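A.B. asks: Here is how the chains run, residue by residue.
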Amino acid sequence: MYNFDFEKPSTIADAVAALAGEDAQALGGGQTLIPTLKQRLAAPSTLVSVSGIAEMKGVCVEDDGSVAIGGATTHADVAADAASSYPALAALAGQIGDPAVRNRGTIGGSVANNDPAACYPAGVLGSGATIVTNTRQIAADDFFQGMFTTALEEGEIITSVRFPVPQAASYQKFLQPASRFALVGVYLARFADGVRVAATGASEDGVFRWSEAEEALNKEFRTDALLGLHINPMNMIGDLHGSKEYRAHLVSVMTKRAVEACS
Amino acid sequence: MTQVSMTVNGKAVSGDVEGRTLLSSFLRDHLSLTGTHVGCDTAQCGACVVHVNGEAVKSCNMLALEADGADVGTIEGQAAEDGSLNVIQQAFQDHHGLQCGFCTPGMVMSAAALLKDNPRPTEGEIRKYLEGNLCRCTGYHNIVKAIMAASGQDVSSIAAE
Chain A
1 MYNFDFEKPS
11 TIADAVAALA
21 GEDAQALGGG
31 QTLIPTLKQR
41 LAAPSTLVSV
51 SGIAEMKGVC
61 VEDDGSVAIG
71 GATTHADVAA
81 DAASSYPALA
91 ALAGQIGDPA
101 VRNRGTIGGS
111 VANNDPAACY
121 PAGVLGSGAT
131 IVTNTRQIAA
141 DDFFQGMFTT
151 ALEEGEIITS
161 VRFPVPQAAS
171 YQKFLQPASR
181 FALVGVYLAR
191 FADGVRVAAT
201 GASEDGVFRW
211 SEAEEALNKE
221 FRTDALLGLH
231 INPMNMIGDL
241 HGSKEYRAHL
251 VSVMTKRAVE
261 ACS
Chain B
1 MTQVSMTVNG
11 KAVSGDVEGR
21 TLLSSFLRDH
31 LSLTGTHVGC
41 DTAQCGACVV
51 HVNGEAVKSC
61 NMLALEADGA
71 DVGTIEGQAA
81 EDGSLNVIQQ
91 AFQDHHGLQC
101 GFCTPGMVMS
111 AAALLKDNPR
121 PTEGEIRKYL
131 EGNLCRCTGY
141 HNIVKAIMAA
151 SGQDVSSIAA
161 E
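As given, the protein sequences belong to chains A and B, one line each in that order. Residue numbers for the first sequence follow the UniProt record's numbering, beginning at 1 and rising by one. Residue numbers for the second sequence follow the UniProt record's numbering, beginning at 1 and rising by one.
Incorrect hints may appear among the rest.
[Stated by the list, open to error] Derived SDA-like pairs (lysine to any residue); straight-line CA-CA distance at most 20 Å:
no.: 1; chain 1: B; residue 1: Lys128; chain 2: A; residue 2: Phe174
no.: 2; chain 1: B; residue 1: Lys128; chain 2: A; residue 2: Ala83
no.: 3; chain 1: A; residue 1: Lys38; chain 2: B; residue 2: Ser5
no.: 4; chain 1: B; residue 1: Lys128; chain 2: A; residue 2: Ala178
no.: 5; chain 1: A; residue 1: Lys8; chain 2: B; residue 2: Glu18
no.: 6; chain 1: A; residue 1: Lys57; chain 2: B; residue 2: Gly69
no.: 7; chain 1: B; residue 1: Lys128; chain 2: A; residue 2: Ala76
no.: 8; chain 1: A; residue 1: Lys38; chain 2: B; residue 2: Ser25
no.: 9; chain 1: B; residue 1: Lys128; chain 2: A; residue 2: Leu175
no.: 10; chain 1: B; residue 1: Lys116; chain 2: A; residue 2: Arg180
no.: 11; chain 1: B; residue 1: Lys128; chain 2: A; residue 2: Lys256
no.: 12; chain 1: A; residue 1: Lys8; chain 2: B; residue 2: Arg20
no.: 13; chain 1: A; residue 1: Lys57; chain 2: B; residue 2: Asn53
no.: 14; chain 1: A; residue 1: Lys8; chain 2: B; residue 2: Gln3
no.: 15; chain 1: A; residue 1: Lys38; chain 2: B; residue 2: Arg20
no.: 16; chain 1: A; residue 1: Lys8; chain 2: B; residue 2: Asp154
no.: 17; chain 1: B; residue 1: Lys128; chain 2: A; residue 2: Gly94
no.: 18; chain 1: A; residue 1: Lys8; chain 2: B; residue 2: Arg28
no.: 19; chain 1: B; residue 1: Lys116; chain 2: B; residue 2: Asp154
no.: 20; chain 1: A; residue 1: Lys8; chain 2: B; residue 2: Gly19
no.: 21; chain 1: A; residue 1: Lys8; chain 2: B; residue 2: Thr2
no.: 22; chain 1: A; residue 1: Lys256; chain 2: A; residue 2: Glu214
no.: 23; chain 1: A; residue 1: Lys8; chain 2: B; residue 2: Lys116
no.: 24; chain 1: A; residue 1: Lys38; chain 2: B; residue 2: Glu18
no.: 25; chain 1: B; residue 1: Lys128; chain 2: A; residue 2: Arg222
no.: 26; chain 1: B; residue 1: Lys128; chain 2: A; residue 2: Ala79
[Claimed, not checked] Here are the computed distance ranges between Cβ atoms for each label pair:
no.: 27; chain 1: A; residue 1: Gln137; chain 2: B; residue 2: Thr7; range: 39 to 47 Å
no.: 28; chain 1: B; residue 1: Gln3; chain 2: A; residue 2: Thr223; range: 58 to 66 Å
no.: 29; chain 1: A; residue 1: Met147; chain 2: B; residue 2: Asn118; range: 34 to 42 Å
no.: 30; chain 1: B; residue 1: Gln153; chain 2: A; residue 2: Glu22; range: 53 to 61 Å
no.: 31; chain 1: B; residue 1: Thr7; chain 2: A; residue 2: Ala80; range: 18 to 26 Å
no.: 32; chain 1: A; residue 1: Arg136; chain 2: B; residue 2: Ala79; range: 49 to 57 Å
Source of the hints: derived by calculation from the structure; they are not laboratory data. Predicted model, so just to flag it, every value in this text is computed and none were measured. Glycine is no exception: its CB is placed at the ideal position from the N, C-alpha and C atoms.
Pulled out of the complex, with its shape left as it was, chain B reads as follows (with noise of 0.2 Å):
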């Protein structure tokens, strides 16, 4: 066991884990922070997606001791202290952007992590980022509708397809 350490929504926790152990298993199952999802576990679907030094990652497909001494940013830093949703969340409430939720951490994280790069995404560039984000029950319109509402665009003109 080696040690590792690291900041997980700006604090600083630390565990012991093997050479083998994924980063979304450090958050789930050392720090029981279960809000990041394992979907496929081969780096397809997306849902384990959480931010290493601000950039969005497939947790499951990163060793925890990859991520020593980095900023991780997961779903549950997402909203305010007082639990108050962040506008991207909010925005998926808004526009029923989930249905099973299962795929939604993933979403919320890769959202905030588009909009930090590009704050004002057309539809085609959400789109094209959200490729490695697999949803299997809302057909993305209402995915899409939501970030691009959480960037202040008017979407009242998106109908669904």
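Chain A with its partners taken away, still in its complex shape (with noise of 0.2 Å):
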């Protein structure tokens, strides 16, 4: 790892203007940044930490009963926190990684990151969340751009991400057992005007909405509804843990799994 120097302010204000710095990087729990710092694949001159953020951290049920999140928020405490006001995310949450890592693990950095096997970016997407930064607000559709490519700025930070809460929701997680992240994960939210799914670990371009099911199933929310429709293979990915028509497969048994859990 190349050094770098460190800070960790306690406001987002002092966490913006240390961010302004020339090649400083936002360190949320570290779990894929430190790991990419040792490979030498970021050689940031400052890490600034939001762990030390009191206002970005916790999980509160707003006014219009959206759920919110603060961007430092850890995976643990939102698997506890969120488990009655947003049961489905809860339970993603609970399913990354493993109980260390969930206890360092942020959703901001998570979500920044936007890896293309990550669990979160799926439930952000299928929720169709908005990701608050320091400066605007971003619809999760207009959010993620693309395997490790977000809307986001440089030196813009997630300070929370909002949920609105479906009537019903279900994450299908089909686990790589080594990475622990998903071979293929889908996240199903229904809600009154209409069902969103959304797939990670499939696709070259990271997570997609599958918009024929959410067709499908707005007509008849029926596992039935999903005979016929087929994935195209030629954009997934393909690597030794499955080959591209098994990825595009998954994504119709996980569809089909979440839709199960939802009726």
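Hey, can you piece these two chains together into the complex? The hints should help.
C.D. replies: Set out below in structure tokens:
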């Protein structure tokens, strides 16, 4: 690991100021960033930890019923504290990595990194959540822009993520047991005005919505509605853990299981 | 270099570290607490698990400066002052929960974190909690058995798989 300066501000304003420096980088729980630094795949001059910013931590239910989760909230805290307000999302958080990783990793870090096999991007896109930063609010549909790519600008911090709470939702994760990421994961959320289906782990473009399945399920919310629908394997990830065709197939299987869980 | 201060196993400690110094390095190299093992150095094996403010974390995946002001617990703090083993350590010995012993510090620290939140876990809950702790010797069975025994549960009926 190359050396860097370390700063741990206690307010969002101080963190934004510290991130204005050249090659400064925000640090959430570090469960991806620290291994990346060890591999010398990144060389920030300064790491700005957001773990000391109290206003970026915690789960709260807003006046409109949506659930707002601070960007520096750990997976373990979401699993525990969102269990009553948004159980499907809490269940997703409780399946990330392992207990020690969940005690450090944060929602803001996961969403900002946009790993193509991470769980949170599916939950955020599947819920149609809003990513709140220090400067603006970004709809999930505009936020995820491909593998490891997001709408975030340099120095922009995810201060919270706001989730509308669906009538029913389910995250179905087909575990890749070595990495503990999703080989394929599907998050399905059923709102009064329609169904959203988001898949992670599958596409070369990162998390995506399966719009054909959404249309079919909007007409008829049954697993039979998915019969005959197929994901084109061409843009799927193919590696030693699973071929493109296998991942495309798994998206269908996981979507069916999510429909069953919500029925 | 930046000064970092924390409480480790009940004692106030401090030292000068670089930004990149890992908590595992601070414990092992600065404090000579080499019971915390570094196995994979990629946060997968769990040999380096310690407690930070009561929560299990992988110390090879946390910066020492992130633990400034924290209450840290390591394997060295598990036994009593006179060296007598605590209930989890004793159960690992009684039930042969280790062979080479490399993963054991992390296993014991994870087990302690589990039993704090869940004093009587089922076998399934123990196996699930240990997902981030790898053992290449035992096949886990006797580790799970030891943790069940440490929680005061009868393990006489648990046969080897």
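A.B. asks: For each hint, tell me whether it holds in the structure or not.
C.D. replies: Structure-based check of each hint:
1. B:Lys128 to A:Phe174: 16 Å, holds
2. B:Lys128 to A:Ala83: Holds, at about 19 Å.
3. A:Lys38 to B:Ser5: With a Cα-Cα distance of about 24 Å, the restraint between Lys38 (chain A) and Ser5 (chain B) is violated, given a limit of 20 Å.
4. B:Lys128 to A:Ala178: 14 Å, holds
5. A:Lys8 to B:Glu18: With Cα atoms ~14 Å apart, Lys8 (chain A) and Glu18 (chain B) stay inside 20 Å; holds.
6. A:Lys57 to B:Gly69: Holds - the C-alpha atoms of Gly69 (chain B) and Lys57 (chain A) are around 18 Å apart, at most 20 Å.
7. B:Lys128 to A:Ala76: 14 Å, holds
8. A:Lys38 to B:Ser25: Roughly 13 Å between the alpha carbons, so the hint for Lys38 (chain A) and Ser25 (chain B) holds.
9. B:Lys128 to A:Leu175: With a Cα-Cα distance of about 13 Å, the restraint between Lys128 (chain B) and Leu175 (chain A) holds, given a limit of 20 Å.
10. B:Lys116 to A:Arg180: Not OK: Lys116 (chain B) and Arg180 (chain A) at ~24 Å, beyond 20 Å, violated.
11. B:Lys128 to A:Lys256: Violated. Lys128 (chain B) to Lys256 (chain A) sits at ~25 Å, over the 20 Å cutoff.
12. A:Lys8 to B:Arg20: 14 Å, holds
13. A:Lys57 to B:Asn53: 16 Å, holds
14. A:Lys8 to B:Gln3: 13 Å, holds
15. A:Lys38 to B:Arg20: Satisfied, since the Cα-Cα distance of roughly 9 Å is no more than 20 Å.
16. A:Lys8 to B:Asp154: 47 Å, violated
17. B:Lys128 to A:Gly94: Within the cut-off at roughly 11 Å; holds.
18. A:Lys8 to B:Arg28: With a Cα-Cα distance of about 24 Å, the restraint between Lys8 (chain A) and Arg28 (chain B) is violated, given a limit of 20 Å.
19. B:Lys116 to B:Asp154: 19 Å, holds
20. A:Lys8 to B:Gly19: 11 Å, holds
21. A:Lys8 to B:Thr2: This hinted pair holds, its Cα atoms lying about 12 Å apart.
22. A:Lys256 to A:Glu214: Distance of about 12 Å is within 20 Å: holds.
23. A:Lys8 to B:Lys116: It is violated: about 29 Å lies between the C-alpha atoms, which goes past 20 Å.
24. A:Lys38 to B:Glu18: With Cα atoms ~14 Å apart, Lys38 (chain A) and Glu18 (chain B) stay inside 20 Å; holds.
25. B:Lys128 to A:Arg222: 32 Å, violated
26. B:Lys128 to A:Ala79: Distance ~15 Å between Lys128 (chain B) and Ala79 (chain A) Cα, so the pair holds.
27. A:Gln137 to B:Thr7: 39 to 47 Å: With a Cβ separation near 40 Å, Gln137 (chain A) and Thr7 (chain B) satisfy 39 to 47 Å, so the hint holds.
28. B:Gln3 to A:Thr223: 58 to 66 Å: 60 Å, holds
29. A:Met147 to B:Asn118: 34 to 42 Å: With Cβ atoms ~37 Å apart, the hint holds.
30. B:Gln153 to A:Glu22: 53 to 61 Å: Check passed, 57 Å falls within 53 to 61 Å.
31. B:Thr7 to A:Ala80: 18 to 26 Å: The hint (18 to 26 Å, Cβ to Cβ) holds, given that Thr7 (chain B) and Ala80 (chain A) are roughly 25 Å apart.
32. A:Arg136 to B:Ala79: 49 to 57 Å: Once the Cβ atoms are compared, 53 Å apart, the range 49 to 57 Å for Ala79 (chain B) and Arg136 (chain A) holds.
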